[in-house]
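Protein chains: 2
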Amino acid sequence: MTTTTSPISTATTDFYPTRTGEGSKVLDRRDPVVHGTAEQGPFDAETLRSFDAKGYLSIDQLISDDELTLFKDELKRLAEDPEVKQDERTVVEAKSDEVRSIFDIHRSNEIFAKIANDPRVVNRARQILGSEVYIHQSRINYKPGFVGKDFTWHSDFETWHAEDGMPTPRAVSISISLTDNYSFNGPLMIMPGSHKHYISCQAETPEDNYKKSLVMQGAGVPEPQILSDFADRFGIDVLEGPAGGAIMFDSNCMHASNGNVTPYSRSNVFIVYNSVENTPVEPFAAPAPRPEFVGSRDYTPAGQ
Amino acid sequence: MTTTTSPISTATTDFYPTRTGEGSKVLDRRDPVVHGTAEQGPFDAETLRSFDAKGYLSIDQLISDDELTLFKDELKRLAEDPEVKQDERTVVEAKSDEVRSIFDIHRSNEIFAKIANDPRVVNRARQILGSEVYIHQSRINYKPGFVGKDFTWHSDFETWHAEDGMPTPRAVSISISLTDNYSFNGPLMIMPGSHKHYISCQAETPEDNYKKSLVMQGAGVPEPQILSDFADRFGIDVLEGPAGGAIMFDSNCMHASNGNVTPYSRSNVFIVYNSVENTPVEPFAAPAPRPEFVGSRDYTPAGQ
Chain W
1 MTTTTSPIST
11 ATTDFYPTRT
21 GEGSKVLDRR
31 DPVVHGTAEQ
41 GPFDAETLRS
51 FDAKGYLSID
61 QLISDDELTL
71 FKDELKRLAE
81 DPEVKQDERT
91 VVEAKSDEVR
101 SIFDIHRSNE
111 IFAKIANDPR
121 VVNRARQILG
131 SEVYIHQSRI
141 NYKPGFVGKD
151 FTWHSDFETW
161 HAEDGMPTPR
171 AVSISISLTD
181 NYSFNGPLMI
191 MPGSHKHYIS
201 CQAETPEDNY
211 KKSLVMQGAG
221 VPEPQILSDF
231 ADRFGIDVLE
241 GPAGGAIMFD
251 SNCMHASNGN
261 VTPYSRSNVF
271 IVYNSVENTP
281 VEPFAAPAPR
291 PEFVGSRDYT
301 PAGQ
Chain D
1 MTTTTSPIST
11 ATTDFYPTRT
21 GEGSKVLDRR
31 DPVVHGTAEQ
41 GPFDAETLRS
51 FDAKGYLSID
61 QLISDDELTL
71 FKDELKRLAE
81 DPEVKQDERT
91 VVEAKSDEVR
101 SIFDIHRSNE
111 IFAKIANDPR
121 VVNRARQILG
131 SEVYIHQSRI
141 NYKPGFVGKD
151 FTWHSDFETW
161 HAEDGMPTPR
171 AVSISISLTD
181 NYSFNGPLMI
191 MPGSHKHYIS
201 CQAETPEDNY
211 KKSLVMQGAG
221 VPEPQILSDF
231 ADRFGIDVLE
241 GPAGGAIMFD
251 SNCMHASNGN
261 VTPYSRSNVF
271 IVYNSVENTP
281 VEPFAAPAPR
291 PEFVGSRDYT
301 PAGQ
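So the protein lines, in turn, are chains W and D. Take the first sequence: its position 126, counted from the start at 1, is 126 in full-length UniProt numbering, and no numbers get skipped. Take the second sequence: its position 36, counted from the start at 1, is 36 in full-length UniProt numbering, and no numbers get skipped.
Just so you know, the hints here were simulated from the structure itself, not pulled from any lab data. The structure presented is a predicted model; accordingly, all values stated were derived computationally and were not measured. Just to be clear, a hint being listed does not mean it is correct.
If you only want the chain D side, here are some residues facing chain W, beta carbon under 8 angstroms, derived [said to hold, decoys possible]: (1) W153; (2) I236; (3) A256; (4) T262.
C-beta: ideal position from N, C-alpha, C; glycine also.
Whole structure, please, built from the sequences with the hints as guidance.
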């Protein structure tokens, strides 16, 4: 296990304590959101300012129509592959026996490895994080029509800090949409500005929590009153947008999605980039780190 | 039991067959949507034309701020009243033991009886239905934040026809919003124009189906492929709007709502007006009529 090189947090000084059993509270974020500069590109200064303020940005078209078709076909193929279905890195819904997520696709799949290391994606992550980046987690998500499940409010960083040992929120996620996101088919919702505050959560982490939390958030869910206060204070942005576009969002955004009773399914490719200067230490609030396929310990820079 | 006075449908000639066990199919609606004229008021010709085409209309402010406060206080009082909770006309969620709907409030409650008979509401229903109207059903609905459940696609008329014996879709519902409706807190969704088509459903009606279907639609749910075709053809309108406003919609609109993980609850007063020329006969596809509190057999004209 390596120790962190971050100047702020170490395994002995935890500025983002959580799941301590001492009750929820709201702490200020101590670390910057944007680490790079407009000169580095591809984002201009205004886009970086907006990302800093809101914690997310939308890209109308990230991939070509041909890539979109390729990715969708591959997603379909994978979801129907019996070997993939039996793999421990695949989340299958018990009730319907259908594939909901496939983790670690930047290592297991050539097509998705390519986009995960593509300059269009990696350079954007590098600019926001101000350093080389590596892939902390990747997956494809499939949210079917009619029976798509909700996902309650949480900060990804809270989980990655507690369970993976990520020292600071110097990580950014990209969700590449393979289907159109309407307000009505369970799109991503973000409380803009919430990422500048850190909710220290109440519940302690059960052993092997990840097996449940990949399907439904359990530990790491803030108390209702804090969520109500946050919603009143920050509002809720509903992220609509076309297939082929993408959303990048800070690791500490408070986000969620509603269920989906419409016929329109939602699927996306989801990749988490972490700064190579923010590599994990021991988990801050869990008995053991989660498996490699949810929290990678391979810090090879992406896109090289 | 009285027989219908409708010139089109009788108990022996069913133009809206459903739950026949013979598979789903789409039939044309044989009856008009708007029966009255602009001269009668309060709606102008353009609003009536739009209602005819889309199957619904929105009213930005139907009740005063004082009424809104009064209704909300009464809703809260009722939800906390142990006697109300035990009443068979109240739907309590098993898991949380919280009140979700209270039926028959136009008879059981003075405040809601008053608004159900108020000219602002009744005159609008009269104009659309072109006759005196009576109340077929009334309820208050409470959809809490964080855990608000979804409701899948259905036509109310399909149920009222099958289970209550309503001959034709000459009925209109009004939903008076007691809370703000955002795209993200599980608002009403309608497929505009769907009301001009009737989906004859597959499933036969189980005995005492209403006990389940008040909580979650079971029989009377169209097949997924038909819903997909309808969504592609008609689209989905998400009905946002402020507390104190209202939505009126045709009894045969295909509608649904998603769940609600946001902190913002939704509650409304829901009243169904049926034309006095469209009073129920024997159920068209159920062993026995549902109880009075879900399908009234008191045809006294409202607002008199």
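Here is how each hint holds up against the structure:
{"no.": "1", "hint": "W153", "result": "holds, 7 angstroms"}
{"no.": "2", "hint": "I236", "result": "holds, 5 angstroms"}
{"no.": "3", "hint": "A256", "result": "holds, 5 angstroms"}
{"no.": "4", "hint": "T262", "result": "holds, 6 angstroms"}
When the structure is compared with the earlier hints, no violation turns up for any of them.
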